[in-house]
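Undergrad: Chains A and E are the protein sequences, given in the same order.
When you line the first sequence up against this note's numbering, it's residues 1 to 305, in that order.
When you line the second sequence up against this note's numbering, it's residues 1 to 363, in that order.
Think of the hints as simulated: they come from the structure by calculation, not from any bench.
Hints may contain errors.
Unchecked claim - To give a feel for the contact side, a few chain A residues facing chain E, derived at Cβ under 10 Å:
id, residue
1, Phe120
2, Gly122
3, Arg123
4, Ile143
5, Ala144
6, Pro193
7, Glu195
8, Ser199
9, Leu201
10, Val202
11, Ser206
12, Trp211
13, Ile214
14, Lys220
15, Ala224
In this text, a Cβ means the ideal position worked out from N, Cα and C, and glycines have one as well.
Below are the chains, spelled out letter by letter.
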Amino acid sequence: MAEKVTYKDVETISKFRINVIIGLALLFISLPIIINYAVLFISSFSNKMLSGMTVHEIKFTLENWRMFFSGRLSTTQAVLRNFWDIIRYIFNTLVVGLGVSAVVTLTSMMSGYAFSRMKFKGRKFLMQFLILLHAFPGVALIIAVYTMYIAFKLSVPEHYLKMYSFTYVVFARAALEVPMSIWIMKGFFDRIPWEVEWSALVDGASRVYVWRRIILPLVKPGIATVAIFSFLAGWEDLIYVRTFLPITEKTLATYIEGLLSEGSLEIVHLPAVAAAGTFYLLPTILFFIFARSYMLQTSMSGVKM
Amino acid sequence: MVSITLDNVTKRFGKVIAVNEASFKVNDGEFWVLLGPSGSGKTTLLYLISGIYKPTSGRIYFDDVDVTDMPPSERNVGLVFQNYALYPHMTVYENIAFPLRIQKRPQNEIEKKVREIAKMLHIENLLDRYPAQLSGGQQQRVALARALVKEPSVLLLDEPLSNLDALLRLYIRAELKRLQKDLGITAIYVTHDQMEAMAIADRIVVISHGKVQQIGSPEEIYNFPRNVFVATFVGTPPSNVIRGELTSDGIISLKSGYLRVEPEASKSLRGSGLSEVLIAFRPEHIKLSREPIEAPGLILQGTVYAIEPLGRETLVTIVSGEDVIKCVLSNGESIKVGDELFVHVEREKIRLYHPETEELIAY
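The shape of chain E in the complex, shown without the other chains (with noise of 0.2 Å):
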């Protein structure tokens, strides 16, 4: 149970970047997730922490211990791979008790504790088997067991769900999180699904590129991302982002619309040489309406293009002058492809964005 530190970690691989300047601290017992597309360097980062790669400079720090040069085995790491990587040629109970024979434990407390994590996990009736035997969820919490049985001052786990059916990940990613909170232990978590990182994460490290672009709750990542790359990626559907340009004071036009905000933010926004700003707003804030609108906020006039119904809410599609906007509501049943409406966002729920640098502006 430790706080993990980095301190401007940067990997190169020739000449490319993987990871680029990362720096963060991870506190002791939190659930941290690394979020990213996929080549995102995410992974990367990972196997920096765990000590399989080592960092072309920048340094980590378990508590106050720098661990930079330590190699994996001293670090005392629990690592699943996405692919489990159990070893084929021992059963179960031999993968789960590896990590402790290397440290020439005594057999009755190998015992002990192989059977302990396999029962805290439900797999003590697969002992016996090999691993080609089992089903994908079975051979995943096999991993878990391995990485957990030498109880690790870290549990890093990459992509663990990305191989099993959408209902089984469902399961078990509560098991998971209700196992980290029973552990106490930190844990860090690698995937591209940002659902799952917003359902289990204390704290979200979302990277593109390499680079970490914002680091924060669930409820911060979603409700003020720093740039429009969060903005988009987290969320489904994705964030709106439309383009507008600075006219006189209190109003940003659009092709069908307008944003009208207060005098001081545009004099400010003028101040600093824009004469456009991106306009994010997400697709549960929007109200539609078949009235004009005159509301504080942002105001299009659209045409209705497309409508999916999904059970639970119903997502549509709106064409206005040349974006594309989509919505989500709860209660779209009457309205048909074609209807011309009227789409109004409150003025809180909008984050401007710089349109160049796509970094958030005001709100």
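Isolated chain A, as found in the complex (with noise of 0.2 Å):
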């Protein structure tokens, strides 16, 4: 005996049952790495590792994050820097993350705007080669770059060594990005319809006032993906500021990393640690949530598309 089937429509299930599935489905899958943040940030303020064995041990305190801004991170390890010395570090990391970010930003707003709009020689080709050069590894090259950077710093004069050498990293980490923003950039250019720029001209503006006042407003959301994207290459990198600037020259990341090799795994304490991790963190988050909101504007009516 068949039974009687019945299907049921998707709009009769009631609104509030999908948000709430919907929601936990996000929570489940973001659980881990919440669990992670939250463990770091946790950790950097008790006097155990929230993920050791000793968990139940564990008590509030600030000393990690005194340990930290005075250069320590085992307790055993004299303190040989001081705050300022710190801060500077920290400076120096958002020199570099900033000029990375301004760099791509700067480079892929132009170029991306070139290769939607413009029609020259070699464009389909440079197109698909964008795409090649996206695929290398920053590690991979940075023997040719850093034979470079050696041949190049032969010619600068003694006191401008420091500002060569920051320069130089932000435009090799800059260059590594730049394909993929390009592509980005151009892909939010492309949304734009020709009428739009073609009504400013034949309302009298040049070619640079539109491009500025009426295509770039437009792409925000685009201007600001890549300038988050490109800043975070830059705030994270370890690799090429560690093989680039100089010693005395320290980023967060060559910082951290310098304690722990300078101490040893063994002996150094990982709550400090945590509270290192925690503030290098720190930025990222920020800055997602300021732009957060430009990323997501997508306003485009006033055009039939």
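Bring the two chains, given one by one in their own frames, into a single complex with the hints.
TA: Quick look at the structure:
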């Protein structure tokens, strides 16, 4: 005897239930990441790591943070640096991050527009070549990049060496991000209809004016995306800053790395490392929160597409 | 307020000829319509006049000034795009003010002009909104305001009504014509809707495949189409076109009828080496009768195939031999499908066309 099967329309499932299910699914997926961050963050404020075997003995303490800012990652380490050194390292990391972000954003904004709007010889080939470039991991290229660094270094006067190495790091790191960023920006420029530009041209605007006042505001999500990702690439970078910056100019990454190798992994105080890690993560999280609204903006009405 | 002259303008895109040797002169203050099917080159022609495209060959003049090499910003034209192309990140006020801001006019002058034009187009209460918050008709009026605010010498419109619903289209169509007359601005309007063209144009340019087919007033285009394309493109339903054989003097014979012409006309037709002609006539010029007719003009015999009552008139489809004829009658109540009827068209309403070149021969 066949049973009667009733099918329910999707719309009849209550919206509330759908939202709850989706929310739970998202929570489930992001749980590992959230747990990791939570462990890191809480550990930086406690005397024992949350992930360790002695987790029941934890007590709140600010000692880890004091250690981080005075330059020690193990309780037996001597105080080798002062507070202002740490500030300088933070500043260096910022310089690299913002530098890479600026170079990549500017380059990809202008190149993306050119690839999107202008006809020139070799355009198609260059676009395909960009994808190929993106496939190269920066680490694999380090020897060649370093050779160039040394070659140019010979012609740099003594007191400009620090500026040279910072500039070099920024441009070298930026070069790795530029291909993908150009593709992203080109995609955003492609979405703007020709007529909006033409309309402005007929109204009497020069091409540069149109680019500045009409096109750029419309690709703000793209610019935000590229700016954030390239900033993070610069901020998080370890290999390139380690290779090119003088030993006295550390960034947060090389600083943490240096401490871990100076002392030894066995005697390092992990909660202090957790404090260092949490601090290092901070701008990443802040940047995302700040730029999230820009990234989600996609208002393209007033034009039928 | 200028006159526009096109002198043998051609535009190629690679191998494709989008506009093929177009020449005409629009007088100051006239409302011209570029009419043609999709892909005929009418929008390309409009963009050539505006300066967005540069002609591959030929010259364009505004009054006596050669503007062929001038960029659009120097031509002082206002252009309304089919999809309005409003700047989405600016308010309606800023959209309209944009052309004036570029000209670096003083702030109070800008404000005055924007409010003036907004009032004229009945959008003064929308100035603080963003384009996304407007309906289609409102967006179109903002686009129009933006084009007019800088008081251009030429107004160019690219199918501005095609995105609006039918009723709104009729309303705004009349408003546009009135506005153009009030402002006295030379206007060129692109459309594929031949009824729209007939309704608003001072003169129509019919274009097909990049070539100008005919230029004339709506009456000329409708009553004296220069070739079969124009005859069948303009008019709803289009002209009926049937093929006839030139026989003895004065008679052109068809499968189920004949067309009697003047002997001199028939002689000159045969003299130019033709054995066949294309006969065109408009559906509304047909008279139907149940009795055989003896009168000058076209006589056909056929069977009613379909009847479509349209309220104000009735559309009757008649099959005569191998030809399908459409008639428009204002009083077709008594006709039924299957009726055997006689079709009569007066000689003055007949247009003859060359069977190959499809050009108008004699009437």
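Undergrad: Each hint: holds or not?
TA: Comparing the hints with the structure gives:
1. Contact between Phe120/A and chain E, as hinted, is not supported at the beta carbon level, the nearest pair being about 16 Å apart and thus beyond 10 Å.
2. Taking 10 Å as the C-beta cut-off, the interface hint given for Gly122/A is violated, the closest approach to chain E being about 18 Å.
3. The beta carbon of Arg123/A comes no nearer than 16 Å to any beta carbon in chain E, farther than 10 Å, and the hint placing it at the interface is violated.
4. Because the beta carbon of Ile143/A sits about 47 Å from the nearest beta carbon in chain E, more than 10 Å, this interface hint is broken.
5. The criterion of a C-beta within 10 Å of any C-beta in chain E is not met by Ala144/A, whose closest approach is roughly 42 Å, and the hint is violated.
6. Look at Pro193/A: its Cβ gets to within about 7 Å of chain E, closer than 10 Å, so that hint holds up.
7. Below 10 Å, beta-carbon pairs count as interface contacts, and Glu195/A has one with chain E at about 4 Å; its hint therefore holds.
8. Taking 10 Å as the C-beta cut-off, the interface hint given for Ser199/A holds, the closest approach to chain E being about 4 Å.
9. Hint status for Leu201/A relative to chain E: holds, with the closest Cβ pair at about 5 Å, below 10 Å.
10. Against a cut-off of 10 Å between C-beta atoms, the interface hint on Val202/A holds, since the closest Cβ of chain E lies about 4 Å away.
11. Restraint check, Ser206/A versus chain E: the minimum CB separation of about 8 Å is within 10 Å; hint holds.
12. Because the smallest distance between the Cβ of Trp211/A and any Cβ of chain E comes to about 13 Å, over 10 Å, the interface hint for this residue is violated.
13. For the restraint placing Ile214/A at the interface with chain E, the shortest Cβ-Cβ distance is roughly 6 Å, inside the 10 Å limit, so the hint holds.
14. This hint holds: Lys220/A has a C-beta 8 Å from the nearest C-beta of chain E, less than the 10 Å allowed.
15. Here the hint on Ala224/A is broken, as its CB sits about 14 Å from the closest CB of chain E, past 10 Å.
When held up to the earlier numbered hints, the structure conflicts with 1, 2, 3, 4, 5, 12 and 15 and fits the remainder.
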